[in-house]
Amino acid sequence: MSGDLVIVNGARTAFGAFGGGLAGLSATDLAVAASKEAISRSGVDPEAVDQVIMGNVLQTSKDAIYLARHVALRSGLKTETPGLIINLLCGSGMQAVANAEMLIDAGHAEVVLAGGTDSLSQTPYISWGTRWGGRMGKMELWDGLDIRDTYAGCSMGETAENLREKFNISREEQDKFALESQQKAKVAMDKGHLREEIVPIEIKEKKGVKTVLQDEHARPDTTLEGLAKLKPAFRKDGTVTAGNACGIVDGAAALVVTKAKTAEKLNLKPLTRVVSWAVTGVPPEIMGIGPVPAIPLALERAKLTLDQMDLIEINEAFAAQYLACEKELKLDRSKVNVNGGAIAIGHPFGATGARLLLSTSLELHRRKARYSIVSACVGGGMGIAMILERV
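Quick note on this note's numbering: the sequence shown kicks off at 405 and runs consecutively.
Rather than coming from a laboratory, the hints here were simulated on the basis of the structure.
Watch out, some of these pointers could steer you wrong.
[Said to hold, decoys possible] Taking lysine-lysine pairs in the PhoX-like style, the calculated list, with each CA pair at most 20 Å apart, reads:
#  : residue 1 : residue 2
1  : K570      : K731
2  : K482      : K440
3  : K734      : K580
4  : K673      : K440
5  : K640      : K570
6  : K482      : K588
7  : K580      : K590
8  : K635      : K669
9  : K635      : K580
10 : K580      : K739
11 : K734      : K570
12 : K440      : K595
13 : K590      : K739
14 : K731      : K580
[As the list claims (entries may be wrong)] Label pairs and their calculated CB-CB ranges:
#  : residue 1 : residue 2 : range
15 : Y529      : V613      : 24 to 34 Å
16 : E569      : G511      : 32 to 42 Å
17 : E668      : L545      : 47 to 57 Å
18 : V613      : H769      : 17 to 27 Å
19 : E569      : G548      : 25 to 35 Å
20 : A632      : D550      : 22 to 32 Å
21 : N572      : K640      : 16 to 26 Å
22 : G612      : G511      : 32 to 42 Å
23 : D641      : K772      : 44 to 54 Å
24 : K772      : A427      : 52 to 62 Å
Since we're looking at a predicted model, the values are computed, not measured.
Heads up, the beta-carbon is just placed ideally off N, CA and C, and yes, glycines get one too.
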């Protein structure tokens, strides 16, 4: 970990609602749109990009195994530029940047395009064993979105319920936090902050061309009364609902990263410096607590304290999950997810980490602030955190 990796610039697609405006585009299509814009905004010559690293959690198209390589080829990079797909589940977009740093530190690349993408709308149903015929004529379909952790024996939503019980978090607390996320996202949209991150995508329809340039999952008219009416999604007596959990969406985000000296040599103007990062494990049945050990570890490696962080981004997988982390870390909520989080904006698994890094980099410049820490819980019982400094 050299501490001199910089994020030059980046871009993301709008996050399309489940079955919404971007449902017809593959994860590769989405990543190409974000990547082309990231390269353009960074000012880097496409010929200078040595590697593509893309996080992708759900392989949802016929050509998904070629995703990162196709992103390289379709984004105008030289034929010699390889592409690598990685999967750290919800931390994939952030881990792509961490992998880029390791690659650059090893001397195998100078400029890397890193990010992530997922099309949850295109997630297929799967018939295991059908290739060899159904037993006694029986065929079953399995929903590819049922990302149950078979080791822990529970779904991601159930891990949030486990945290809710462990930390005595009420339904009202969760709904209030979900409302705050929606309200902050609305303010950010009205100010154009989210629009600043987004590359418009034109979608051909029967009646003409539709441009998708705004996150579709956000519900600015959300009320506590409306949230209170929603039924529990994972347990009959539970408190986790569709309203206080992250949105299932489609989207991609991409960042151009390099060393500070290389940026200077290429006349690039970076947004932020990656100070440190950390990945660690937690019990899978409470995977949402992942940021609690990951954040202190990243701070320790940077020789910084939580009080020195001007901004904090923690992926809102579930309100209960965030609130558990807040209680354990004693977070100042006024610094957290200032432009709204995944409850409002949505969470395309592979893209979210890169989206958070881009969003907080831009916000550091708006506020002329110095440090931000970005973190996410990770399915299977992990947490990832990364500290950025404005340059």
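Right, here's what the structure says about each hint:
Between the alpha carbons of K570 and K731 the distance comes to roughly 12 Å, so the proposed pair stays at or under 20 Å and holds. Annotation: proposed proximity of K482 to K440 holds, straight-line Cα distance about 13 Å (limit 20 Å). For the suggested pair K734 and K580, the alpha carbons sit about 18 Å apart, so the restraint of at most 20 Å is met. For the suggested pair K673 and K440, the alpha carbons sit about 18 Å apart, so the restraint of at most 20 Å is met.
For a cut-off of 20 Å, the pair hint linking K640 to K570 stands: about 18 Å separates their Cα positions. Between K482 and K588 the alpha-carbon distance is near 41 Å, which puts this suggested pair outside the 20 Å criterion. Between K580 and K590 the alpha-carbon distance is near 15 Å, which keeps this suggested pair within the 20 Å criterion. Among the hinted pairs, K635 with K669 is inconsistent with the structure: their alpha-carbon atoms are about 56 Å apart, more than 20 Å.
Restraint check for K635 and K580: satisfied, since their Cα atoms lie roughly 16 Å apart, inside the 20 Å limit. A distance of roughly 17 Å separates the Cα atoms of K580 and K739; the hinted pair therefore holds under the 20 Å criterion. About 16 Å separates the Cα atoms of K734 and K570, which keeps this hinted pair within 20 Å; it holds. Simply put, K440 and K595 have alpha-carbon atoms about 25 Å apart, too far for the 20 Å limit, and the pair is violated.
For the given pair, K590 sits about 17 Å from K739 by alpha-carbon distance, which is consistent with the 20 Å threshold. Between K731 and K580 the alpha-carbon distance is near 15 Å, which keeps this suggested pair within the 20 Å criterion. Take Y529 and V613: their Cβ atoms lie about 31 Å apart, and the range 24 to 34 Å holds. The hinted window of 32 to 42 Å between E569 and G511 is violated, with their beta carbons roughly 49 Å apart.
For the pair E668 and L545, the beta carbons lie near 54 Å from each other, so the given range of 47 to 57 Å is met. For V613 and H769, the Cβ-Cβ distance of about 33 Å falls outside the hinted range of 17 to 27 Å, so the restraint is violated. Range check, E569 to G548: about 29 Å between beta-carbon atoms, so the 25 to 35 Å window is met. The given range of 22 to 32 Å is respected by A632 and D550, whose C-beta atoms sit roughly 27 Å from each other.
Under the hint 16 to 26 Å, the C-beta atoms of N572 and K640, about 20 Å apart, fit the expected range. Range check, G612 to G511: about 50 Å between beta-carbon atoms, so the 32 to 42 Å window is missed. Between D641 and K772 the beta carbon distance is about 48 Å. The supplied range of 44 to 54 Å therefore holds. Here the CB-CB span from K772 to A427 is close to 39 Å, at odds with the stated 52 to 62 Å.
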